[in-house]
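Asks: Sequence:
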Amino acid sequence: MVRHNFSGLRAMALAASALLFAAPALAASPSSQGNHGVNPLPLTTYHFATIKGRRTFYREAGDPSAPTIVLLHGFPTSSHMYRDLIPLLADRFHVIAPDYIGFGQSDAPSAKEFDYTFENLTDHVDGLLDQLGQKRYVLYMQDYGGPIGFRLLTRHPDRVAGLVIQNANAYLEGMGDMPKQVFLPLWQGRNATTEGAARGFLAAQTTKFQYTVGARNEAAISPDNWAHDQALLDRPGTDAYQLDLLYDYRQNVALYDAWHAALRQHQPRTLIVWGNKDPFFIPAGAEAFRRDLPAARLVWLDAGHFVLDENAAQVAAEIKAEFAPAP
1 MVRHNFSGLR AMALAASALL FAAPALAASP SSQGNHGVNP LPLTTYHFAT IKGRRTFYRE
61 AGDPSAPTIV LLHGFPTSSH MYRDLIPLLA DRFHVIAPDY IGFGQSDAPS AKEFDYTFEN
121 LTDHVDGLLD QLGQKRYVLY MQDYGGPIGF RLLTRHPDRV AGLVIQNANA YLEGMGDMPK
181 QVFLPLWQGR NATTEGAARG FLAAQTTKFQ YTVGARNEAA ISPDNWAHDQ ALLDRPGTDA
241 YQLDLLYDYR QNVALYDAWH AALRQHQPRT LIVWGNKDPF FIPAGAEAFR RDLPAARLVW
301 LDAGHFVLDE NAAQVAAEIK AEFAPAP
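Take 1 as the starting number for the sequence shown in our numbering and just add one per residue.
Quick caveat, the hints were computed from the structure, so don't treat them as lab data.
Idealized CB from N, CA, C, for every residue including glycine.
Since no wrong hints were added, every one of them can be taken at face value.
Dumping the calculated DSS-like pairs for lysine-lysine here, alpha-carbon to alpha-carbon at most 27 Å: (1) LYS52 x LYS135; (2) LYS112 x LYS52; (3) LYS180 x LYS208; (4) LYS277 x LYS208; (5) LYS277 x LYS180.
Derived CB-CB ranges, DEER-like: (6) ARG235 x GLY200: 14 to 20 Å; (7) MET178 x GLU287: 17 to 23 Å; (8) ALA203 x GLY133: 38 to 44 Å; (9) ASP84 x ARG235: 24 to 30 Å; (10) ASP63 x ARG190: 45 to 51 Å; (11) LYS135 x PRO327: 20 to 26 Å; (12) MET178 x ASP257: 21 to 27 Å; (13) ALA66 x GLY196: 43 to 49 Å.
Produce the complete structure using the sequences and hints provided.
Replies: Now the structure itself:
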């Protein structure tokens, strides 16, 4: 990937986003009604692919000949979390946003029919990218997207053109007190008591909290987020495989050293955009990446764990400034 004057591009992209999103009155002016000279947002399309015998859903937008960015979602959501970001990126990127097995619109076999581990979720994402012929891409990783994205990096370092890390932890110091109190006992011994505490992460009030914590204006956070996620979490049998994944997360922690070594060795171009009020993955986790990626650019967002409802325009501008080719 050819490098450009990114500082200049970043300033231009941020300025353009400020004009676009800070002046809604312009969009309502008589001269801008209808389609007179106004470019519509790029179209997002919706697809299924069969990977290892399972139907995998993904969203796609943008010109397939443009650089590809793969959006890897977090818990407890799906590619639905990227519904606003996708069209903001698709004028400069080819965008792919999959749902993992058990999430969103993808197949959700029971825990008896499918071994829910992060390794297996990665296998299906990897298989989807292979089926779509993707040999070079930027990875956007949030929450669960981190363990999947870092596995892809260690499997195919030659394919990863860059990383966007958004509240996706890979360092012990990045884990907040809240998840430590719940998950360390679970990882040390899975039983009815430790599972009971972990079940709190599947409850409706926790799902809503993950979206609203740290928000500048809670009224700006769409309730579609937690209504969509909770409806899927409440499907019969979903709690069993979600607990399997929460327990399997200990395997991600065990791989931290290997991921750090891969980052040091390959030095992928990296943008870190981090909600600084996240109680789950705290700011120390963002800072820690720069031990292994000293050239990474870190952008703090006045936000919590999920940042896109209030910050999609800024995140899109930062990504374009870092990774988009010159127009």
